[in-house]
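Here the protein sequences come in this chain order: A and B.
Take the first sequence: its letters are residues 23 to 446, numbered as in my numbering.
Take the second sequence: its letters are residues 23 to 446, numbered as in my numbering.
Hints in this document: simulated from the structure, not taken from any laboratory.
It is possible that some hints are incorrect.
Copies of one chain are not kept apart here, so a pair can be met inside one copy or by any two copies together.
Each computed BS3-like pair below joins lysine-lysine, with the alpha-carbon atoms no more than 30 Å apart [stated by the list, open to error]:
| hint | residue 1 | residue 2 |
| --- | --- | --- |
| 1 | Lys172 | Lys50 |
| 2 | Lys172 | Lys47 |
| 3 | Lys373 | Lys50 |
| 4 | Lys172 | Lys363 |
| 5 | Lys363 | Lys373 |
| 6 | Lys363 | Lys50 |
| 7 | Lys47 | Lys373 |
| 8 | Lys47 | Lys363 |
| 9 | Lys172 | Lys373 |
Predicted model only: the values in this text are computed from it and were never measured.
Protein chains: 2
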Amino acid sequence: MSDGTPRSRVLILGGGFGGIGAARKLRKAPVDVLLVDRHDYHTFQPLLYQVATDILAPETVGHPIRELVHAQDNLDFAQATVSGIDLDARTVTFEDWEPQTYDYLVVGLGARANFFGTTGAEEHAFPLYTLSHAIRLKEHLLRRFEAAAKDPSLAADGTLDVVVVGGGPTGVETAGALSELFYNVFPQDYPSLDLSAVSITLVEHGDRLLAMFDEGISAYTLETLTERNVTVRLGESVDEIAADHVTLGSGGTIPAGTTVWGAGLQPVPLSGDLGVELVRGRVPVTEHLHLEHHPEVFVVGDMALTTDSPSGDVLPQLGSVALQAGEHVGVTIDRMERRHKDPHPFHYVDKGTMATIGRRAAVAVVPPHHITLTGRAAWAMWGAVHLALLTGGDSRMAAMSNWFWSFTTHDRPSRVLVHPDDED
Amino acid sequence: MSDGTPRSRVLILGGGFGGIGAARKLRKAPVDVLLVDRHDYHTFQPLLYQVATDILAPETVGHPIRELVHAQDNLDFAQATVSGIDLDARTVTFEDWEPQTYDYLVVGLGARANFFGTTGAEEHAFPLYTLSHAIRLKEHLLRRFEAAAKDPSLAADGTLDVVVVGGGPTGVETAGALSELFYNVFPQDYPSLDLSAVSITLVEHGDRLLAMFDEGISAYTLETLTERNVTVRLGESVDEIAADHVTLGSGGTIPAGTTVWGAGLQPVPLSGDLGVELVRGRVPVTEHLHLEHHPEVFVVGDMALTTDSPSGDVLPQLGSVALQAGEHVGVTIDRMERRHKDPHPFHYVDKGTMATIGRRAAVAVVPPHHITLTGRAAWAMWGAVHLALLTGGDSRMAAMSNWFWSFTTHDRPSRVLVHPDDED
Chain A
23 MSDGTPRSRV
33 LILGGGFGGI
43 GAARKLRKAP
53 VDVLLVDRHD
63 YHTFQPLLYQ
73 VATDILAPET
83 VGHPIRELVH
93 AQDNLDFAQA
103 TVSGIDLDAR
113 TVTFEDWEPQ
123 TYDYLVVGLG
133 ARANFFGTTG
143 AEEHAFPLYT
153 LSHAIRLKEH
163 LLRRFEAAAK
173 DPSLAADGTL
183 DVVVVGGGPT
193 GVETAGALSE
203 LFYNVFPQDY
213 PSLDLSAVSI
223 TLVEHGDRLL
233 AMFDEGISAY
243 TLETLTERNV
253 TVRLGESVDE
263 IAADHVTLGS
273 GGTIPAGTTV
283 WGAGLQPVPL
293 SGDLGVELVR
303 GRVPVTEHLH
313 LEHHPEVFVV
323 GDMALTTDSP
333 SGDVLPQLGS
343 VALQAGEHVG
353 VTIDRMERRH
363 KDPHPFHYVD
373 KGTMATIGRR
383 AAVAVVPPHH
393 ITLTGRAAWA
403 MWGAVHLALL
413 TGGDSRMAAM
423 SNWFWSFTTH
433 DRPSRVLVHP
443 DDED
Chain B
23 MSDGTPRSRV
33 LILGGGFGGI
43 GAARKLRKAP
53 VDVLLVDRHD
63 YHTFQPLLYQ
73 VATDILAPET
83 VGHPIRELVH
93 AQDNLDFAQA
103 TVSGIDLDAR
113 TVTFEDWEPQ
123 TYDYLVVGLG
133 ARANFFGTTG
143 AEEHAFPLYT
153 LSHAIRLKEH
163 LLRRFEAAAK
173 DPSLAADGTL
183 DVVVVGGGPT
193 GVETAGALSE
203 LFYNVFPQDY
213 PSLDLSAVSI
223 TLVEHGDRLL
233 AMFDEGISAY
243 TLETLTERNV
253 TVRLGESVDE
263 IAADHVTLGS
273 GGTIPAGTTV
283 WGAGLQPVPL
293 SGDLGVELVR
303 GRVPVTEHLH
313 LEHHPEVFVV
323 GDMALTTDSP
333 SGDVLPQLGS
343 VALQAGEHVG
353 VTIDRMERRH
363 KDPHPFHYVD
373 KGTMATIGRR
383 AAVAVVPPHH
393 ITLTGRAAWA
403 MWGAVHLALL
413 TGGDSRMAAM
423 SNWFWSFTTH
433 DRPSRVLVHP
443 DDED
């Protein structure tokens, strides 16, 4: 393949759906690809709530990025943390590595939880955007229950109560999974606790849940969660989060030893290095997904304000959008390098949207005719699609085994607290 | 069952093999059992080296103690850390809980790594006695390799080299598993590193490996490890451990970015509360496994100097001894409470001893005729026995799936670094 010309160097920042999608599509391109992430694993974000509620072991949802290297000769990986991007010098600096130059840059560094300035949220709310978040939330929940087992008065005090903020997919899926954990799994683990006294409250600012779906689905979701002992507060906001309660916009308070935050994203600080004004906290890109004045710099995933062509619709911050955008960028670079062809504008193919509400209950909308499924059929479909999406064979197998056990036995894979930093 | 008399209270300290064995055998006894451990999981210690070398996910080896509560009505569990034992007041105090009284006490609090005063060992050696140790060692190894991937000069510097101290089962199994990881798995993960330059050295003070087996097994083990690129140094001691090397008793130094310590145990501080003089760092007990002057206080597992009846042999600190001793104590308490019968002295039944040296290589001695197996047959037997021993169905299934993948594909389940305390 070598004709003596040095190959272009593609630097991909971030091993999420966007970065991985780009890397894979560059497999046969005559370029050298360097993928960098501050972790050594790719996170399957749509299942984080399952780690947080102890359905899946963390290893199942975090897949080693290095495995990509096995199958792809032109790819190298480095675990490093980006500290700056210099577009003019075409150089990226790192906190823990020497600067790297590029011919093409693909930026997919994700986002951060946005607490919208809510008092106490930074200190007390549990966001659910990274694998570390999921583990932290799980360990917090388990610790609360172990404490209550030693002092059952805590259960009556509200220390076990949970408030989930945000009625989008993260909030709905988490609330549903918590209901499974609290009312189906924990009664066996903690026979001395009166778990029916423990409350789960889902607070949503808008007037319905899963607002991206149609109203029938919102109604089904509300009904299912309510049946499963989740109190849903619509049209309600959160004014303050404390260690043991949440204060609502309407003035009331709800006891809560745990507050889960599933309500919004904000840009990572590095977005500022890209030299463009953010729009709704996201980096605007062209129809080819690059920066307007830097055709060699692509931005994908939750960082980017990605629009569909030809519709012009702004696309939501979803894993499926990030993956397709990343793949599109990989194909674009390949076309430019190998075949010297012009790139296509990015068109997003909606392959369906789904959310689970717990065991044997889910909602799904399937294109092209927007067929709506609810209940067991949607749940089964959700399982099949997510198994197919998990990135590696072994994760898939472990996930299947975990799910099989969880959903057939009402039991969980782990439910243990292990800290590498325990004194022994 | 109740005849108005209050039931005796059995307090079990430690959820290891000893404590779990005792708890299970008390299932039908007319007593109230309270099992306390500072963790919420039971550790399957014989497989810790597999977690450290990334064959098994931590969840597989740490099993939720609370699941015992499901099947056993007279059992309660609390996660708490023992701070003191008052034999006269029959009371145990905790760092994080109110004092608890008992009629019978079963103490199985394990042991600690003994560095025998080796300079630098506390700071730099990695013991392998708890699940936290195993995770810490694994993360240290993965971090070293990620650092070398960014700066390949580190590989030549010896930062990837490992010294394993101790030629007993822990040292042999760890060295064998490291060889698998370094020479069969990592070449795919780190194609830019010259892994053949990375050394694994096993240092043993005595003149052969696995000294509890016969000499043929020791010779097979030495040959197999040597074939697998492990340098074995017999009759050698360790004088000093530093961050980047080990100094041997004979004066030479070996570069080592990682030193694994598998060489000995010392008593936990609480052993001093039991009012007896320790023998070889262990608590001496009667043939009924209780303290000489306290027939209501039993000591089991690595803490105890357990002897076999009628042979009088001192038994080794092994999981199988701890399990049988714990079960014996459970049966003893049951006999005393329910049937008012005298206890039997403890007799240990040797069900065989095994160690693996890596994929498809293991050694085993099978009673009653001390048949010796080596190679694939022993390896297959080792797998079957350990699967049967893993305490819960779901762990068993996950372990099978992990092993299946690891040993058929040369690949590993996770190889990821996740910290709940990462900033995000």
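Verification of the supplied hints:
1. Lys172 with Lys50: between (59 Å within a copy, 24 Å between copies)
2. Lys172 with Lys47: between (54 Å within a copy, 24 Å between copies)
3. Lys373 with Lys50: Close inside one copy (26 Å), not across copies (56 Å); limit 30 Å.
4. Lys172 with Lys363: neither (68 Å within a copy, 34 Å between copies)
5. Lys363 with Lys373: within (28 Å within a copy, 70 Å between copies)
6. Lys363 with Lys50: within (16 Å within a copy, 77 Å between copies)
7. Lys47 with Lys373: within (19 Å within a copy, 55 Å between copies)
8. Lys47 with Lys363: Classified as within; 16 Å inside a copy, 74 Å across copies.
9. Lys172 with Lys373: neither (48 Å within a copy, 38 Å between copies)
Comparing the model with each earlier hint shows violations of hints 4, 9; every other hint is respected.
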